[in-house]
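K.L.:
So the chains spell out like this:
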Amino acid sequence: NAGVTQTPKFQVLKTGQSMTLQCAQDMNHEYMSWYRQDPGMGLRLIHYSVGAGITDQGEVPNGYNVSRSTTEDFPLRLLSAAPSQTSVYFCASSLGPHSTDTQYFGPGTRLTVL
Amino acid sequence: GIQVEQSPPDLILQEGANSTLRCNFSDSVNNLQWFHQNPWGQLINLFYIPSGTKQNGRLSATTVATERYSLLYISSSQTTDSGVYFCAVSVGSGGTSYGKLTFGQGTILTVHP
Chain A
1 NAGVTQTPKF
11 QVLKTGQSMT
21 LQCAQDMNHE
31 YMSWYRQDPG
41 MGLRLIHYSV
51 GAGITDQGEV
61 PNGYNVSRST
71 TEDFPLRLLS
81 AAPSQTSVYF
91 CASSLGPHST
101 DTQYFGPGTR
111 LTVL
Chain B
1 GIQVEQSPPD
11 LILQEGANST
21 LRCNFSDSVN
31 NLQWFHQNPW
41 GQLINLFYIP
51 SGTKQNGRLS
61 ATTVATERYS
71 LLYISSSQTT
81 DSGVYFCAVS
91 VGSGGTSYGK
101 LTFGQGTILT
111 VHP
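Chains as they are written, first to last, in my numbering: chain A, 1 to 114; chain B, 1 to 113.
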């Protein structure tokens, strides 16, 4: 199993540009989520999904969209990038939504918005 | 929302030393996990421990849910233990949390040879 994969690893955008961060997992996990990590802070939840076709907002959803058309993929879309979205983005997945399920994290995407 | 505070923010050790990291949280939780982020940025789950004590090799963790804190013990530290240690918690209804973790700010651990 490849686990949780994310692409790209690095990305530089100009203010106002749009892009999609890709996340995929091959463990047949139902639950997937996106976090951002800023310097000196822990991770903050952006959006999450408890299964294909079901998504909901986390702590910091503004400026981001998600969709979940398949179990494997959970892309994160930046509609109009802003410098405040400069961050490291992590995708995570777990077998189910229950609190006992271990979360597996992808390697991260480092995004810079100029 | 729930608040998670970790201490100390930074910790520097010589190889072989022991250490204790603390996580305080402001409300009852049904999920508490400890993670290690290595110097390359990869996050690894260490423990799922909403209550009680667990051990895995040189690492152990204890959560006292009634007093709203958790401790991570590292014994005989090694240089490979360096990185950031995060505590993350969630609250949920009906015994499910949907993995909506709230992270603390982390403890940066540096182990010198």
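The set of hints was computed from the structure by calculation and includes no laboratory data. Among these hints, one or two may not hold up.
[What the hints assert, rightly or not] If we take Cβ atoms under 10 Å as the criterion, some of the chain A residues that face chain B in the derived model are:
no., residue
1, Leu45
2, Gly53
3, Asp56
Only a predicted model underlies this, so the values are computations on that prediction, with no experimental measurement involved. Note that beta-carbon positions come from the ideal geometry of N, C-alpha and C, so glycine has one too.
K.L.:
Taking the hints in turn, state whether each one holds.
P.N.:
Hints, one by one, checked against the model:
Hint status for Leu45/A: holds, given a least beta-carbon distance of 6 Å to chain B, under 10 Å. Taking 10 Å as the C-beta cut-off, the interface hint given for Gly53/A is violated, the closest approach to chain B being about 15 Å. Against a cut-off of 10 Å between C-beta atoms, the interface hint on Asp56/A holds, since the closest Cβ of chain B lies about 8 Å away.
In this structure, the one hint that does not hold is number 2.
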